[in-house]
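If you read the sequences in order, they're chains A and B.
Just add 12 to wherever you are in the first sequence, counting from 1, and you've got this note's numbering.
Just add 3 to wherever you are in the second sequence, counting from 1, and you've got this note's numbering.
Hints in this document: simulated from the structure, not taken from any laboratory.
Accuracy of the hints is not assured; some may be wrong.
Unchecked claim - To spell it out: a stretch of chain B is covered by chain A in this simulated footprint if at least three of its residues, at any positions, have a beta carbon under 8 Å from a beta carbon of chain A; those stretches are:
{"id": "1", "stretch": "45 to 53"}
{"id": "2", "stretch": "108 to 116"}
Claimed, not checked - Short derived list, chain A residues pointing at chain B, Cβ under 8 Å:
{"id": "3", "residue": "T22"}
{"id": "4", "residue": "K54"}
{"id": "5", "residue": "G55"}
{"id": "6", "residue": "P56"}
{"id": "7", "residue": "S105"}
{"id": "8", "residue": "G115"}
Every residue, glycine too, gets a C-beta built ideally from N, C-alpha and C.
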Amino acid sequence: GENVEQHPSTLSVQEGDSAVIKCTYSDSASNYFPWYKQELGKGPQLIIDIRSNVGEKKDQRIAVTLNKTAKHFSLHITETQPEDSAVYFCAASMNTGNQFYFGTGTSLTVIP
Amino acid sequence: SQTIHQWPATLVQPVGSPLSLECTVEGTSNPNLYWYRQAAGRGLQLLFYSVGIGQISSEVPQNLSASRPQDRQFILSSKKLLLSDSGFYLCAWSPLAGGRYNEQFFGPGTRLTVL
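Just chain A, with the same shape it has in the complex:
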């Protein structure tokens, strides 16, 4: 089955700096890659996603890049703010069955 690895497990950045979180996947059939933000005590919220027919997608301060050949994708957050502090999860999915395979999460702390 699919295996998703996520790095780093913890990340601290100064407010205003950029943060990058990376994930790799094993199954070349995966074609949908969402990113979730989870605040303490709450359910994960979808913040951005990318499909395998696109190499990059941007939404304001958040961007995701995908390298299908190398089987890795990354989340980029620019101009970080304290409210960006949370745990971020990546995932990989195939159309069949709609099952998601999640990374182990990255705890991001933005230091004011």
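Go by the hints and put chain B onto chain A.
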């Protein structure tokens, strides 16, 4: 718009007691439904998923079970809780597989503590 509800929000149960967690979705029909467990500081573990009423697939053999008595209702149960069942339980829904979107949307979660 679609919304997903879970209750209770928190639960403290003794070892060996039964469990019933409920999840309901509004504003959509025939969704795929999922139960995940998240241990403290850990990732998301898929427990069960359902593509329709009465159709349940189990990902992890354990003392938990799931049922889908109605299209938009998903229930997680146990006859006898173990200490290891403590965690944060998340329900999620997604549109039909093969549809235009694959997104999964999560509920607010239930914090279960087994003592």
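Hints, verified against the model:
no. : hint       : verdict
1   : 45 to 53   : holds (count 5)
2   : 108 to 116 : holds (count 6)
3   : T22        : 10 Å, violated
4   : K54        : 6 Å, holds
5   : G55        : 4 Å, holds
6   : P56        : 5 Å, holds
7   : S105       : 6 Å, holds
8   : G115       : 7 Å, holds
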